[in-house]
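Could you build all of it, start to finish, from the sequences and the hints given here?
Here the protein sequences line up with chains W and X, keeping their order.
92 is the number of the first residue of the first sequence in the numbering used here; add one for each residue after it.
92 is the number of the first residue of the second sequence in the numbering used here; add one for each residue after it.
Treat the hints with caution; some may be incorrect.
Any copy, or any two copies together, can satisfy a pair, since identical chains are not distinguished.
[As the list claims (entries may be wrong)] Derived SDA-like pairs: lysine to any residue, alpha-carbon spacing no greater than 25 Å straight-line: (1) Lys260 / Ser227; (2) Lys260 / Ala245; (3) Lys129 / Arg110; (4) Lys129 / Pro269.
Keep in mind that the hints were calculated from the coordinates and are not lab data.
2 protein chains.
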Amino acid sequence: MGKEVAGPEIDRLIQLLARLPGLGPRSARRAALHLIRKRNELLAPLADALQKARETIVTCHICGNADSQDPCTLCRDVERDPHTLIVVETVADLWALERAGVLSARYHVLGGTLSPLDGIGPKDINLTRLIERVASGAVQEVILAVSATVDGQATAHYITGQLAEFNIKITRLALGVPVGGELDYLDDGTLAAAIQSRTLF
Amino acid sequence: MGKEVAGPEIDRLIQLLARLPGLGPRSARRAALHLIRKRNELLAPLADALQKARETIVTCHICGNADSQDPCTLCRDVERDPHTLIVVETVADLWALERAGVLSARYHVLGGTLSPLDGIGPKDINLTRLIERVASGAVQEVILAVSATVDGQATAHYITGQLAEFNIKITRLALGVPVGGELDYLDDGTLAAAIQSRTLF
Chain W
92 MGKEVAGPEI DRLIQLLARL PGLGPRSARR AALHLIRKRN ELLAPLADAL
142 QKARETIVTC HICGNADSQD PCTLCRDVER DPHTLIVVET VADLWALERA
192 GVLSARYHVL GGTLSPLDGI GPKDINLTRL IERVASGAVQ EVILAVSATV
242 DGQATAHYIT GQLAEFNIKI TRLALGVPVG GELDYLDDGT LAAAIQSRTL
292 F
Chain X
92 MGKEVAGPEI DRLIQLLARL PGLGPRSARR AALHLIRKRN ELLAPLADAL
142 QKARETIVTC HICGNADSQD PCTLCRDVER DPHTLIVVET VADLWALERA
192 GVLSARYHVL GGTLSPLDGI GPKDINLTRL IERVASGAVQ EVILAVSATV
242 DGQATAHYIT GQLAEFNIKI TRLALGVPVG GELDYLDDGT LAAAIQSRTL
292 F
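Below you can see the structure in the form of structure tokens.
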């Protein structure tokens with residue numbers, strides 16, 4: 092909408108906003124109007140921030156993280172344990188683990204999972220660099236923090252095979268009941284895994 | 092989050108995106124990552140579109156619409172009936188009526204409703220210009236297309252009083268059952284209005 096009503100500039104803005112995850116055509120219109128109303132407080136700073144992001148953000152050639160410097164902030168951080176490497180699917184997963192703040196380790200972002208049905212093979216994800224990093228010798232443990240989905244687990248299996256020749260520990264995330272989760276709402280697979288991996292109280 | 096993880100540029104982008112209506116902190120992070128991943132297809136065009144919107148979009152001095160030209164596209168459109176003026180609260184309401192496409196009339200955007208409790212009086216909304224437009228003589232009917240809320244109806248009453256001296260017809264939107272609405276889910280006020288204003292079948 093908006094073609095004859097609001098001019099091509101607003102129309103284009105709405106179209107682009109609607110392509111953000113979480114925004115549909117209706118909320119994109121609301122967002123556009125909000126931006127127009129808050130021109131100085133929001134529209135201008137957002138335009139600048141996007142321009143800056145476009146100019147500065149690069150993919151770290153070591154771990155695949157998104158940052159404004161390469162190597163990224165995490166790879167430059169000498170305080171982080173260089174012996175533990177957490178393998179994640181996406182930058183979003185890396186951020187989630189950092190928010191949880193459990194381990195001050197190194198990361199490796201695959202950028203996806205193997206998915207033969209979608210034509211995504213080992214060459215399409217950031218695997219070669221992972222093997223190089225392990226081969227270089229510092230890594231003692233690789234934690235496969237991939238999704239507990241079919242594709243995620245297949246990817247974990249494949250990586251385990253590729254890293255078999257190196258003398259390192261390969262671990263994966265525990266399966267079980269999520270904190271705060273009610274048993275009644277959990278699927279059979281999660282419950283079975285939680286029973287099988289039960290721990291002493 | 093993201094301060095030590097992803098650098099200040101990404102952090103700033105997430106903060107600004109989270110201020111858009113419909114996006115919370117979590118979806119703002121997802122949107123930011125989506126933008127970074129789709130740098131050429133989405134980030135760059137959106138940065139440009141915002142920059143262009145910032146430079147070009149103005150408020151029409153006649154009707155209060157947002158457009159890239161002043162007078163706006165609707166005010167310039169000579170095909171529109173100059174005798175009928177639809178008064179709306181916001182540009183979003185104007186767009187909604189244009190999407191419905193019922194009437195090819197002129198608009199007047201108030202930019203809000205009177206709200207004594209919030210300290211919004213007649214001088215804070217676009218009323219003076221409305222009275223000027225009516226006084227100039229072309230308008231024969233003013234349709235008060237304001238919300239069926241307390242503030243909306245109070246605003247409609249106030250405007251009716253201000254326009255009493257002019258020899259014009261003042262109408263308001265019909266109250267009743269929304270198309271597709273199920274009676275069971277409607278409030279008492281709507282049902283009462285729909286019964287009172289019942290029409291011959």
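Hint check results:
| no. | hint | result |
| --- | --- | --- |
| 1 | Lys260 / Ser227 | within (15 Å within a copy, 83 Å between copies) |
| 2 | Lys260 / Ala245 | within (18 Å within a copy, 71 Å between copies) |
| 3 | Lys129 / Arg110 | both (21 Å within a copy, 11 Å between copies) |
| 4 | Lys129 / Pro269 | neither (40 Å within a copy, 32 Å between copies) |
Going through the hint list in order, the structure does not satisfy hint 4, though it satisfies all others.
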